[in-house]
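S.K.: Now for the letters of each chain:
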Amino acid sequence: MPKFSFTSQPKLRILSDLQIEEIHDCALRVLKNVGVRFHCDEALKILGDHDCDVDLKNKIVKFNNTKVMDSIRSAPETFKHYYINKDRFLEIGGNNIFYYPGSTAVNFMESDGKTVRSPKCQDFIHYSQIVQRLDFVDVQTSCMLLTDVPEDFIEIMKVYIALLFCDKPLITSTFKKENTRDVVNMIEAVSGDKETMKKKSCTAFIYCPSPPLTWAEVIVENVIETAKNGLPLIFVSMPQLGATAPATIAGCLVQHTAEILSGLVLAQAISPGLPVVYGGTPLLFDMKTATSALGAIETYMMDIGISQIGRFYGLPVRATMTETDSKCLDTQTGWETGMGFLIGTLAEINLISGSGMIESARCQSLEKLVMDNEIAGMCRRLSNGIDVDEDRLAYNVIAEAGPEGSFLTNEHTFKYFKKEQYFPSLLTDRKERAEWERLGASTTLDRAKDRVRELLEKSSKNGPYLEGEKLENLKRVFKEICVRRNISKLPFIA
Amino acid sequence: MENGQYVDLLGIMLKGEKEKLLEWIDDAIENKTSPEKLATVLTKHMSELGNVWESGSIFLPEVIMAVSIFELAFQKIEKLLPPKKEETANIGMILGTVEGDVHSLGKDIVKLVLKSGGIKVIDLGTNVKANVFVKTVNEYNIPIIGLSALMTTTMVKQKDVIDNFVKLGMREKVKVIVGGAPVTQEWADKIGADAYAANAFEALRKIRFLME
Numbered sequence: 032m033p034k035f036s037f038t039s040q041p042k043l044r045i046l047s048d049l050q051i052e053e054i055h056d057c058a059l060r061v062l063k064n065v066g067v068r069f070h071c072d073e074a075l076k077i078l079g080d081h082d083c084d085v086d087l088k089n090k091i092v093k094f095n096n097t098k099v100m101d102s103i104r105s106a107p108e109t110f111k112h113y114y115i116n117k118d119r120f121l122e123i124g125g126n127n128i129f130y131y132p133g134s135t136a137v138n139f140m141e142s143d144g145k146t147v148r149s150p151k152c153q154d155f156i157h158y159s160q161i162v163q164r165l166d167f168v169d170v171q172t173s174c175m176l177l178t179d180v181p182e183d184f185i186e187i188m189k190v191y192i193a194l195l196f197c198d199k200p201l202i203t204s205t206f207k208k209e210n211t212r213d214v215v216n217m218i219e220a221v222s223g224d225k226e227t228m229k230k231k232s233c234t235a236f237i238y239c240p241s242p243p244l245t246w247a248e249v250i251v252e253n254v255i256e257t258a259k260n261g262l263p264l265i266f267v268s269m270p271q272l273g274a275t276a277p278a279t280i281a282g283c284l285v286q287h288t289a290e291i292l293s294g295l296v297l298a299q300a301i302s303p304g305l306p307v308v309y310g311g312t313p314l315l316f317d318m319k320t321a322t323s324a325l326g327a328i329e330t331y332m333m334d335i336g337i338s339q340i341g342r343f344y345g346l347p348v349r350a351t352m353t354e355t356d357s358k359c360l361d362t363q364t365g366w367e368t369g370m371g372f373l374i375g376t377l378a379e380i381n382l383i384s385g386s387g388m389i390e391s392a393r394c395q396s397l398e399k400l401v402m403d404n405e406i407a408g409m410c411r412r413l414s415n416g417i418d419v420d421e422d423r424l425a426y427n428v429i430a431e432a433g434p435e436g437s438f439l440t441n442e443h444t445f446k447y448f449k450k451e452q453y454f455p456s457l458l459t460d461r462k463e464r465a466e467w468e469r470l471g472a473s474t475t476l477d478r479a480k481d482r483v484r485e486l487l488e489k490s491s492k493n494g495p496y497l498e499g500e501k502l503e504n505l506k507r508v509f510k511e512i513c514v515r516r517n518i519s520k521l522p523f524i525a
Numbered sequence: 457m458e459n460g461q462y463v464d465l466l467g468i469m470l471k472g473e474k475e476k477l478l479e480w481i482d483d484a485i486e487n488k489t490s491p492e493k494l495a496t497v498l499t500k501h502m503s504e505l506g507n508v509w510e511s512g513s514i515f516l517p518e519v520i521m522a523v524s525i526f527e528l529a530f531q532k533i534e535k536l537l538p539p540k541k542e543e544t545a546n547i548g549m550i551l552g553t554v555e556g557d558v559h560s561l562g563k564d565i566v567k568l569v570l571k572s573g574g575i576k577v578i579d580l581g582t583n584v585k586a587n588v589f590v591k592t593v594n595e596y597n598i599p600i601i602g603l604s605a606l607m608t609t610t611m612v613k614q615k616d617v618i619d620n621f622v623k624l625g626m627r628e629k630v631k632v633i634v635g636g637a638p639v640t641q642e643w644a645d646k647i648g649a650d651a652y653a654a655n656a657f658e659a660l661r662k663i664r665f666l667m668e
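Residue numbers (our numbering), protein chains in the order written: chain A, 32 to 525; chain B, 457 to 668.
Cut-off 27 Å, straight-line C-alpha distance, at most; resulting in silico cross-link-like pairs (DSS-like, lysine-lysine):
hint, chain 1, residue 1, chain 2, residue 2
1, A, Lys446, B, Lys571
2, A, Lys462, B, Lys571
3, A, Lys76, A, Lys88
4, A, Lys489, B, Lys471
5, B, Lys571, A, Lys449
6, B, Lys471, A, Lys446
7, A, Lys462, B, Lys471
8, B, Lys476, A, Lys446
9, A, Lys462, B, Lys615
10, B, Lys476, A, Lys449
11, B, Lys471, A, Lys450
12, B, Lys646, A, Lys462
By construction, these hints were calculated from the structure, which means they are not laboratory data.
Construct all of the structure, not just a fragment, from the sequences and the given hints.
M.R.: Here it is in C-alpha cells:
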C-alpha cells in the first residue's frame, strides 16, 4: 500500500478521493493549530525533542505537517504477526482480512444466551481453547476482565492464559507500566530472547486515546513502554458523534484521524519503523438513549471511512465491526453482527474486531463466538472472489450435460465443489423441514451450545497448547512475577 | 483382508481413488479370496454410506463418486460370480419424475443412493405419464414405484398416478413412495401414498422397509 495514494482503496468505498484529501488536510490543520493533550511528561519530552511544538503548562502538543507526513512514511505498510508456538505468521496489511474477538468484556454470558455474570479464569481458558479451534477466528485477544484474581494482576493473568492455551497471534493491552513490563517478560519467555521477540512479534498492543484530542497518562505511559520494546501498536480511537466528537461524520473522521496520527508520531519518534495500525471504533452516540451504539449503520459508515483513510496513509487498518448493542443472542445480534462482518470485509479492513462480543463491547459469549465463526467463514469466501479461467468456464462440461442434463455426476463437479464452496459447520441449518424436525427442531442457540460443548470436550483432553522449552520458560517467568508480587493464591496455575 | 488388516474401502471410494480400489480387488483375488466374499465385504463397507452421510462429514459429489466406483468394482466382481437366471431378477423398484415435470436432480440422487444400497432401479426419466408407470409395473412385475416432483404445480400428478392404479384395480399390487421439494408427509397421506421420504437416504430406508 503506497503512501498518500489512492491505488489501494477498498472494493467498498464511501468517500471519494477528494473527500479523503479534505479530511486529511483538515486533520493536519487540527494537529498544527489545535494540538493534542498528552497527560504524560515523558511523552511531552519525547515529542518536544522531535520537532513538535510543546506547551508544557497546558500539556498540549502541536504537530507540523512535515513531522506528521514523515512519521506516516516511517511506519511500515504491513507487518508480520507471529503465532506463539509455530514459526508462522499473519501478514497484517495489504488486502489481507483477519477476524478476531473484541476487547475487554466486563461480563461473561452463560450458555442460555441471556444471563450474564462476572468472567473468571476458567471462562477465559475456555474462550482461548475455542479460539484455538475455530478456523475463522484468526487472532486471539485477552478479552475478559477476570474477577477471580487481584485487580492489579488481571492483565498478567490474561496474557499468561492466552499464551498457554492458544497458539494464534495475540492482541492485548495494559494500563500499568509495571504490567506492560511483566507482560513483555512473558512474551520474551515464549519468544526465546529479546531480538526474536521484536523480529517475530507474537503480540501487538492496543491503546486508545481519550477523545477529543487527549491521551491519558495510564495509556500513553504504556504506549511508550511498548514502543521502547519494539512491539507493534494498534491505535484505536472511539470518538462519539455529537458527544466526544462533532455530530457530523466528516468532522468525527477528522478528529479521529488527528488522534491516531498524534499517537503515530510519538511511536515513530521512540522507535522509527515500528508497525502501527490505523485503528478505530468511532461510534454513533444515540441521542435518545444517551448510549454509544456499535451496531449502528453510521458506525459502520465511519469504519469504511477509516479503511479508506488508513489505506491512503499506507497503514494497516483495524475496526470494531462485529459486535452488537443487543443484550442477548437474538435477531438484532444476528443482523448487526452480520452487517458488520459483510461491510468490514467489503471495506477490506485488515483486522476486523468483535467476534463473540455483545452488549456494546461489554460481554463475551462463547456461543456468539462460534456463530460469528460461521459468518466470518462466509465473508472469507466472499473476499476470495470468483476465479474465472478456461476450466472453470466449463464449456465442455455444459456441452456434455446439455439441456436437461445433470452436473452432479460429472468429474468436474467432484474436482471443483470443495474449491468453489464454503462449507459452514452444522451450526448453520440448511436441512429441509422434515429432517430438521426429526433431529429435534433445534434453534441456532441450541446448535451453538452443542458446538461449544463439542469444542471444549476436544480441548480438555489436550491441556495447555504451549509445550517444550517455551512452556517451561513461560512457567518460570510467571512464577517469578508471582513471587515478586507476593501472589500466592490463584484460581488457576498450569 | 486376508491378513486381517482393515482397509477403509468406503474412504477410498469417497476420495475417488478408483485405481486403488480396483488394485485392492486384484490383490484379493490373487490371494484366493472368493468373489462372493469380496462382494459381501464391498457391500458391507458401502452400507455405511448412509450413516456417514447423516453424520454430516461428507458431500454429495463424494457420495456420487463413491457409488460410481462401487458400481465399477462390483461389475468386476460380478463377472466372477455364477450368472443370474434373469436379467431383471434383482430389480427393486421403478423411479420417475411425474408428468409435466422435467426435473431430474432429486430423482437421480435417490437412484444413486439406492444403488449404493444394492437396490437396482428402472429409471423412467422425467415427464413420465401415469400409464407408463402402469405399463412398466405390468411388464417387469415390480411392486414398488417412486414418484418425484419438484413443483407445486406438478406434485398433483403424483395423485393422478396413484388414482390411475386405483381406477385399474391395481392399487394393491404396488407400493408407492413419493418425494420432492414441495412434498410433505401430509401430502403423501392425503393422496394415499404408502411412504414419503424427505431425502435420498431416508428413501433408501423406507424402500427397504416397503420391500420386506
